[in-house]
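Line by line, the protein sequences give chains A and B.
The first sequence begins at 1 in the working numbering and counts up by one.
The second sequence begins at 1 in the working numbering and counts up by one.
Hints should not be assumed to be uniformly reliable.
Below 35 angstroms or equal to it, Euclidean Cα-Cα: the simulated DSBU-like pairs (lysine-lysine) are [said to hold, decoys possible]:
{"no.": "1", "chain 1": "A", "residue 1": "Lys7", "chain 2": "A", "residue 2": "Lys247"}
{"no.": "2", "chain 1": "B", "residue 1": "Lys62", "chain 2": "A", "residue 2": "Lys117"}
{"no.": "3", "chain 1": "B", "residue 1": "Lys5", "chain 2": "A", "residue 2": "Lys247"}
{"no.": "4", "chain 1": "A", "residue 1": "Lys176", "chain 2": "A", "residue 2": "Lys117"}
{"no.": "5", "chain 1": "A", "residue 1": "Lys117", "chain 2": "B", "residue 2": "Lys256"}
{"no.": "6", "chain 1": "B", "residue 1": "Lys5", "chain 2": "B", "residue 2": "Lys256"}
It should be emphasised that the hints constitute simulated quantities derived from the structure, not laboratory data.
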Amino acid sequence: MENAEVKTLARRLFKPLIPEAEGRWMVISGLAIVIFVLLLALLAEFIAPYNPTKSTGDVLAPPSLKHPMGTDNLGRDVLSRVIFGSRVVLMVVFTASLLSMSIGVPLGLISGYFGGKLDRTLSMLMDSMYAFPSLILAIAIAAVLGPSILNAMVAISVVYVPTYFRMIRGQTLSIKSRLFVEAAKAMGAGHFKTLSRYILPNIVTTIIVVFSLSVADAILTEAGLSFLGFIVTAPTPDWGYDLSAGKPYLPAGYWWMITFPGMMVMILALGFALIGEGLSELYAPRGER
Amino acid sequence: MSSLKAYIITRALLVLPTVIILLTLVFFILRILPGDPIAAMVGQKVPPEVLEKMREEAGLNKPILVQYISYLYDIFRGDFGRSMIWGKRPVINEIADRFPATLELTIFAFTISVLLGILTGSIAAFRRGSKLDASMRVYSIVAYTLFIPWFGMLLQMLFGVYMHIFPIGGRIAPGMEPERITGLYVLDSILTFNGEALSSALLHLFLPSLTLGVVLSGAYTRIVRNNLIEVLHQDFITAYRARGIRRSRIAYHAMKNAFIPVITLMGLQFAILLAGAVLTETTFSWPGMGTFLLERIQYRDYTSVQGAIVFYALFVAVISLIVDIIYALLDPRIRY
Numbered sequence: 001m002e003n004a005e006v007k008t009l010a011r012r013l014f015k016p017l018i019p020e021a022e023g024r025w026m027v028i029s030g031l032a033i034v035i036f037v038l039l040l041a042l043l044a045e046f047i048a049p050y051n052p053t054k055s056t057g058d059v060l061a062p063p064s065l066k067h068p069m070g071t072d073n074l075g076r077d078v079l080s081r082v083i084f085g086s087r088v089v090l091m092v093v094f095t096a097s098l099l100s101m102s103i104g105v106p107l108g109l110i111s112g113y114f115g116g117k118l119d120r121t122l123s124m125l126m127d128s129m130y131a132f133p134s135l136i137l138a139i140a141i142a143a144v145l146g147p148s149i150l151n152a153m154v155a156i157s158v159v160y161v162p163t164y165f166r167m168i169r170g171q172t173l174s175i176k177s178r179l180f181v182e183a184a185k186a187m188g189a190g191h192f193k194t195l196s197r198y199i200l201p202n203i204v205t206t207i208i209v210v211f212s213l214s215v216a217d218a219i220l221t222e223a224g225l226s227f228l229g230f231i232v233t234a235p236t237p238d239w240g241y242d243l244s245a246g247k248p249y250l251p252a253g254y255w256w257m258i259t260f261p262g263m264m265v266m267i268l269a270l271g272f273a274l275i276g277e278g279l280s281e282l283y284a285p286r287g288e289r
Numbered sequence: 001m002s003s004l005k006a007y008i009i010t011r012a013l014l015v016l017p018t019v020i021i022l023l024t025l026v027f028f029i030l031r032i033l034p035g036d037p038i039a040a041m042v043g044q045k046v047p048p049e050v051l052e053k054m055r056e057e058a059g060l061n062k063p064i065l066v067q068y069i070s071y072l073y074d075i076f077r078g079d080f081g082r083s084m085i086w087g088k089r090p091v092i093n094e095i096a097d098r099f100p101a102t103l104e105l106t107i108f109a110f111t112i113s114v115l116l117g118i119l120t121g122s123i124a125a126f127r128r129g130s131k132l133d134a135s136m137r138v139y140s141i142v143a144y145t146l147f148i149p150w151f152g153m154l155l156q157m158l159f160g161v162y163m164h165i166f167p168i169g170g171r172i173a174p175g176m177e178p179e180r181i182t183g184l185y186v187l188d189s190i191l192t193f194n195g196e197a198l199s200s201a202l203l204h205l206f207l208p209s210l211t212l213g214v215v216l217s218g219a220y221t222r223i224v225r226n227n228l229i230e231v232l233h234q235d236f237i238t239a240y241r242a243r244g245i246r247r248s249r250i251a252y253h254a255m256k257n258a259f260i261p262v263i264t265l266m267g268l269q270f271a272i273l274l275a276g277a278v279l280t281e282t283t284f285s286w287p288g289m290g291t292f293l294l295e296r297i298q299y300r301d302y303t304s305v306q307g308a309i310v311f312y313a314l315f316v317a318v319i320s321l322i323v324d325i326i327y328a329l330l331d332p333r334i335r336y
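So that you can see chain A by itself, here it is in the shape it has in the complex (with noise of 0.2 angstroms):
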């Protein structure tokens, strides 16, 4: 790329920092929050004052300032145990995203630029894909492969392609009819170079939104596949396998054991969801908001 266009890209890019940008607060808010889990993933060892696997000594202690959170059934310390329990949810996550991403957006490029027979047939299938309930397809993908971590980030990166593909094509059937490509191709740009020079970086802003708000949806699959037990086995810590260890003490007024794992879905994909939507609207041209 010449050095304008770098220019061009990078200011496109890092405008939602600019401080007079409108919606700035909430990718703000949402990357501190990103952040602020990201943190608690690599740094748990020395965060956490208890090991999340071994008991304590005291069993469903309510919280205190001995355990801030209070302890489990096994007399674990429900605080360590949230913060261990960023790593799965984290790695799964983004394994599964960067996956549906990497198949995704190829595929949306490729139908939306060539057109044809290819991209009806794709098309179709990814509509039908995209119309089947996302949680229900990972359950049945994961309940083939077996519970294991792996096999579900593979569910969900099968759930999630059909997202990135749908945006990609459309942004790439605009695009393409637009003048500046015409006289890239007028110019004798071949397929690859029009694609890569010309319509990839004019698409960039849409594949980061697609990402955050589709991570933002992955972080709430990964945790209902988890409360289901397709993910994670004991003693393995992670937000939705806690909150579904915790629901048999609820009816004893035990809440300490539910509300703090499920609490942290909820923040994570808050976070990834305001970066989502601060983006959508600071990337769109004026007119559009």
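Once you've looked at the hints, dock chain B against the given chain A.
Just chain B, lined up with the frame of chain A:
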């Protein structure tokens, strides 16, 4: 009217390819992915001759193409096979027992989500730019990110465990089930004038449908707000204002026009509604399709798992057809 008829017929015919793609997808996911679904579901501990018998029962020992054709043929005849556990009942009967519970839950949740969405969205639109507008915006994002089992359990804790207002699980108090006509407890108890059953069914429905309804309402808040703002800027509204027509009447006309895109969203939200119902049913021990699917995965009842997923696929296709027809009835532009 003839163009409407033509539209409906074309749209109905288009359901067929969608259904076939979905059924093919289900077929491949359940068969091709790991090689052998029965072995994957049953685990390694089963002796090979038992495994072989189970494969035979599920028709998995035949060539894949034969399996595929007989699978499609059976589904189109309404034959979903027989369950592999307990009484080995036809899967379609098992589904018929469970489906009304899911339908009842989704109807109530859907109604709550649309009403909440219209309420919050129109508040935001009529008070555009105010603090109220901003807080409705936050509501729409937060509602979407609520984790269903967590939100459901918090409601159970508050209204069930502490305040004892609503039961925390099940569809109705044991032994109170109304005589079965449709399988929808609320409707059946009204049809049989069974007041006790009606109140018990409604009490049990409240928390699960509120949970699912709130989570889904966020998307409606946003679309109602944006459409209403757009409509409020159109010329006919200005003309009404100039003529001094009452605000409530203007609001009525604006809402009517803003409602058409909401119907499209209803179609799109339907898949999310069904997925959310699986988690809601698990949280509230609701005996519907979602708990049926999970229970049969646990019992490794392969034919029932396949039947349940196929049923979901058919259901999604039918609903999208219905939504499109409603859309065409409301908006004449679609038909051409």
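If any of the earlier hints don't hold here, list their numbers in rising order.
-> 1, 3 and 5
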